[in-house]
Structures are given as C-alpha cells and as structure tokens.
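For the sequence shown, counting from 1, position 48 maps to 49 in this note's numbering; every step adds exactly one.
Honestly, the hints are just simulated from the structure, not real lab data. Backbone N, C-alpha and C fix where the C-beta goes; we use that ideal spot for every residue, glycine too. It is possible that some hints are incorrect.
[Stated by the list, open to error] Below, a list of computed lysine to any residue pairs in the SDA-like style, where the Cα atoms sit at most 25 Å apart:
no.	residue 1	residue 2
1	K11	L252
2	K104	Y128
3	K61	S132
[Said to hold, decoys possible] Each pair of labels, with its calculated beta carbon distance range:
no.	residue 1	residue 2	range
4	Y39	P275	35 to 43 Å
5	G305	L95	17 to 25 Å
6	S215	Y193	25 to 33 Å
7	S50	R103	33 to 41 Å
8	V294	V54	23 to 31 Å
9	L114	L90	51 to 59 Å
10	A307	D6	44 to 52 Å
11	E142	P275	36 to 44 Å
12	V196	T49	38 to 46 Å
13	G256	R43	17 to 25 Å
14	V125	Q47	57 to 65 Å
15	I122	G256	37 to 45 Å
16	G256	S216	47 to 55 Å
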Amino acid sequence: MVAEDFINTKRPHWERLEQLLSKAQSARLAALTADELYELGRLYRQTTSDLAVARRDFPKHRVTEFLNGLVGRAHGAVYQNEATTWARLRDFVLVTYPQTWRKTLPFTIVAFLFFALPALIAFVVSYNDPSQAGLLFPGAEYIADQIRNQEEWWLDINNARGGNAALIASNNILVTIQAFAGGMLLGLLTIYAMVFNGLMLGVIAGLSAFYGFSSRLWGFIAAHASIELSVIFFAGGAGLQLAWAILHPGLLSRGAALRVAAQRAIVIMIGCVPLLLIAGTIEAFISPSNLPVWVKLAVSFGTGLALYSYLIGVGRQAPAEATETNPIG
C-alpha cells in the first residue's frame, strides 16, 4: 500500500477522532456522551494501530508525524487523570522540547541564514563605506552619529536595571512573536524579521568597526548575544515551518499538515519564554555593567554551551511519541 492510498482509506476515522478530541477539550471527557466515549476509545486503538503501520511502512512521511501527534492527543484525553502537572512539565522539559527542537532544526538553520547573510553583507558595506549604510538600514545616519561620538547608549540601562529587565524581555518577545507569527503569512513576515534584524546588527557592527568602537559595542553585546539570538532563530524556524506546511502539505490535507507544524511550533515557542527572560535579565544586569569583557564572554559561552548541550543531548533515549503530546494538559 502506498502512502496516498493509506491516507485516503483512513482519513475519515482520523478526522472523526479529531472532532471528538476537540469536543472533549472544552469540558474534558464530561462533554462526551456514553456512545462518544466508546467511539473515542475505539478510534484511539485503531489510530494507534495505524501509527504502527505508518512507522513501519512510511517512517519518513509526514503522515507518520500527524498520527504521532493525534495519538498523543488521544492518549492525553483517555488517560488525562493519570499524569500530574509536574509529570507533564518534567516530560516537556526533558523529552518534548529537546526532541521537537531537533526535528525543527533544518528550519532553524534556514532562519539563521536569512539573518546571517544580510548581517554579513551589511557589515562589509558599512565598514568599507559608511555613507552607504543608509541604503541597507533606515536610521543608519543616526546610528553612525552616535558611534562616531563614541556614545555608549546602553549605559542608561544601569540607571534602572530592574525595570529595564522587563522592558528588554518585552521587546525581545515582540521580535520573537513577529518571527513566529509571520509564518502564517507564507513566511514573508518571518523572513522580513530575520533580514531586518540581520541588517541592523550588520550595520551597527560595520560602523563600529570603521569608527573604532567595536571593543565597546561587543563589550555590551557579548554577554546576552548567544541566548537572545538563538531565541530569534528558534522563533524564525518555527514560523518557517508553519509556512512550509501551508505551501507544501504533501499528501496530507493543508489543515492536517498545518496542525502537525503548529504542534511543533507551539512547543518551540513555549520553550522560548524562559530563554527570553534569561536573555533579558543578562542584558539588563550584566551586559551594561563594568565587568571585564572576559567575564561577559564567559557568561555568553557558558549559557550558550549549556543551552545547546541540553538541546542536542537531552531526551535521546525517550520514545519519540512523547514529543507530540500536549505539554500543558
């Protein structure tokens, strides 16, 4: 049996299971009648069997991912009282998030390239001819004046660190949401967010290098850069994944493909929240401080190493199906 025949034969059962799960979510299982409860159990067992077939015959096909998520949702509904909130949180941190991040890594890399390549171009242009920086980024002339005058604008953060931690985190959240939500606009807003922020950083870095301001600039940026930029790339990758599901759903319906992508994207975004808080705290308290640059670099290296060690290494021994369950019940 080819994947298309398998999908066409089984789709009505899967869609009915989704309907029952959506109804159950409104008021848990109490929303279902006795007949619907029986039907839910039957369809859950049948879909679990379909997942086993898909894993055996179509392990790399998107339908397997879809069924993985559907079975995870159904399992959560059928056995919802067996797992405590802390157990679900533990599974999310130790299994769901790192496994989901690894699955979405190709999209994260693409988002990184949409940021890094414009940043590199902007750096080269701004460094070689500062007068051309305005062609790449609006407001470059104002930035150039500040850098030329050796103005360390971030020193104001020292005057109100506590309030600025929240303000910085809020600003980072807006950029992250823009990169993520832009995926629903076929990825155009996501790409714009990546390119815009890449050009901004490239222009600032290029002008700083030209005017001999680099040591001061990177002395400020160094501490929080690894976490903050990583979160932006993760959100951009989540947005691009949504766009890919819309543009290239494969043999699944566009709605089903989007649900698979949305499950992963939402997991990624939930995990970005604590990372944004960490980045905002570092940027408010450590980055503008008078600590030696080597200390700030050590903070950046240490946090980056801890983050990617966790993402790459944790959850590899756990069963893959855990990555598609709802982490918050």
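Hints versus structure:
1. K11 / L252: Since the Cα atoms of K11 and L252 sit roughly 13 Å apart, the hinted pair holds (cutoff 25 Å).
2. K104 / Y128: 38 Å, violated
3. K61 / S132: 51 Å, violated
4. Y39 / P275: 35 to 43 Å: Given a distance of about 41 Å, which is inside 35 to 43 Å, the answer is holds.
5. G305 / L95: 17 to 25 Å: 20 Å, holds
6. S215 / Y193: 25 to 33 Å: Holds, since S215 and Y193 (Cβ atoms, about 27 Å apart) stay within the stated range.
7. S50 / R103: 33 to 41 Å: Taking Cβ atoms as reference, S50 and R103 lie about 27 Å apart, which means the hint is violated.
8. V294 / V54: 23 to 31 Å: 58 Å, violated
9. L114 / L90: 51 to 59 Å: 33 Å, violated
10. A307 / D6: 44 to 52 Å: 47 Å, holds
11. E142 / P275: 36 to 44 Å: 38 Å, holds
12. V196 / T49: 38 to 46 Å: Because 44 Å falls inside the window, the suggested range holds.
13. G256 / R43: 17 to 25 Å: This hint holds: roughly 23 Å between Cβ atoms.
14. V125 / Q47: 57 to 65 Å: 59 Å, holds
15. I122 / G256: 37 to 45 Å: 38 Å Cβ-Cβ, so the 37 to 45 Å window holds.
16. G256 / S216: 47 to 55 Å: Taking Cβ atoms as reference, G256 and S216 lie about 53 Å apart, which means the hint holds.
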